[in-house]
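For the protein sequence lines, the chains are A and B, in the order given. The first sequence maps to residues 228 to 380 in the working numbering. The second sequence maps to residues 348 to 631 in the working numbering.
All clues stand as given, with none of them false.
Below, a sample of chain A positions facing chain B; criterion: calculated Cβ distance under 10 Å:
no., residue
1, Arg-326
2, Thr-370
3, Thr-375
So the derived label-pair ranges between C-beta atoms look like this:
no., chain 1, residue 1, chain 2, residue 2, range
4, A, Gly-273, B, Gly-627, 34 to 44 Å
5, B, Gly-579, A, Tyr-353, 23 to 33 Å
6, A, Pro-241, B, Leu-573, 16 to 26 Å
7, A, Glu-274, B, Arg-374, 40 to 50 Å
8, B, Ser-581, A, Arg-271, 42 to 52 Å
9, B, Ser-581, A, His-252, 29 to 39 Å
It should be emphasised that the hints constitute simulated quantities derived from the structure, not laboratory data. Since the structure is predicted, the reported quantities are computational estimates derived from the model, not experimental observations. Idealized CB from N, CA, C, for every residue including glycine.
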Amino acid sequence: MTTEDFKLALIESPFFRGMQPRHIHELATQAISERFPAGEFIFREGEDAQKFYLIREGRVTLEVLAPDRGVSIVQTISSGDVLGWSWLFPPHRWHFDARAVEPVQTLTVDAHWLRGWIEADHDFGYEMMKRIAHVMVSRLQATRLQLTDVYGA
Amino acid sequence: MSLEEHAMSATADLMTPRVFRVRRKIRELRDVFTLVLEPSGPTEFSFAAGQFNMLYVFGVGEVPISLSGDPGQTQILVHTIRSVGAVTRAINKLKRGDAVGVRGPFGSQWPFEKAFGRDVIIVTGGLGIAPLRPAVHQLLAQRESFGKVSLLYGARTPNDILFQKEIERWRGRLDLEVEATVDSAPPGWRGNVGVVTTLIPRAQFDPATVIAFVCGPEVMMRFSVLELEKCGVSKERIFISMERNMKCAIGFCGHCQFGAAFLCKDGPIIALDRVQTWFGKREI
Chain A
228 MTTEDFKLAL IESPFFRGMQ PRHIHELATQ AISERFPAGE FIFREGEDAQ KFYLIREGRV
288 TLEVLAPDRG VSIVQTISSG DVLGWSWLFP PHRWHFDARA VEPVQTLTVD AHWLRGWIEA
348 DHDFGYEMMK RIAHVMVSRL QATRLQLTDV YGA
Chain B
348 MSLEEHAMSA TADLMTPRVF RVRRKIRELR DVFTLVLEPS GPTEFSFAAG QFNMLYVFGV
408 GEVPISLSGD PGQTQILVHT IRSVGAVTRA INKLKRGDAV GVRGPFGSQW PFEKAFGRDV
468 IIVTGGLGIA PLRPAVHQLL AQRESFGKVS LLYGARTPND ILFQKEIERW RGRLDLEVEA
528 TVDSAPPGWR GNVGVVTTLI PRAQFDPATV IAFVCGPEVM MRFSVLELEK CGVSKERIFI
588 SMERNMKCAI GFCGHCQFGA AFLCKDGPII ALDRVQTWFG KREI
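Bound-form chain A, shown alone (with noise of 0.2 Å):
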């Protein structure tokens, strides 16, 4: 893929709309395209978390492992979704276990080149915490709905 191609991925992304034109074509030239097969795993948790992914094709589960009931799916996250965001805060570790339940393609950006950015431009910074923030009060909204059980009889 080229700079250009990662432009347009990144524009075309529900993440990154309306980002800055100067950020966007910054952040296309850091970008590179990876593949995961179906099953494999992208991430385990505790692993070093060292890579800001974006799901560009296909479906992605979100693992835990609890001792007394074994793998259970907490959430899938698809095409056009941020995948994380242990990349930005310290310990900077993985929480879960992403695996690739159907071919996976990933816009990714190398995670300590993101946040030396974020630290170097605070335009960027915010922008970049704004929609971090977003993402994450979005999926504590859906977590909270979720431990409700409301189909629970």
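Once you've looked at the hints, dock chain B against the given chain A.
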């Protein structure tokens, strides 16, 4: 006959159950079953999607149950029921040929006349898909009359997905967007996990004109409405299915009063803007 006598006679008709017999019972989930009833005599029965019947188990009691079959079928009555109370447990014990008293159909219907030419989004969860199944049948029967149609369904786990085979069939259609999600799932589940509200922003619809049909547990409907509004859908185009303690089913007894509305006759399907003052209020 005087006008008063005529009115009393008409009311008596609405309060008198007709006898139907159990033709078939289908176990859907651990505690949910579908009852197929046929009239004792050569009677046809028509209803509109969204309406309900009062089902009477003789000697036990009467409960309001939504019709869950195809409105195009006039020879049988189909109800999908969760076995939770004395009457529904008694219904669950009925066998082929047993008698059931039926009053109805009662209540309002899903507003198809408002949806003609527009996109339709259906958001439902749990047993809420039962009152919407007739609406899906009708939408598919008149498919060319509507824009994009999306069905978003949430359930507790993969084992709690109601009408699973039918949903799979609908998913196979090119003219219907169907997404199901569950609150939690074991490994190996290839579908969505998360609450049904998370599917709304992904659905394809025109927020400026879409008509939304929402049915499920009230808390699910509250959050679905919030999400729809976030996407730009206005209240007067959101229709919800409300349930309260329906007893007489003809707006006489007042048990199902919800603000200024009697849900047995003004509902169960009602525009959100009509009940927004009370929707989500505690103890109403």
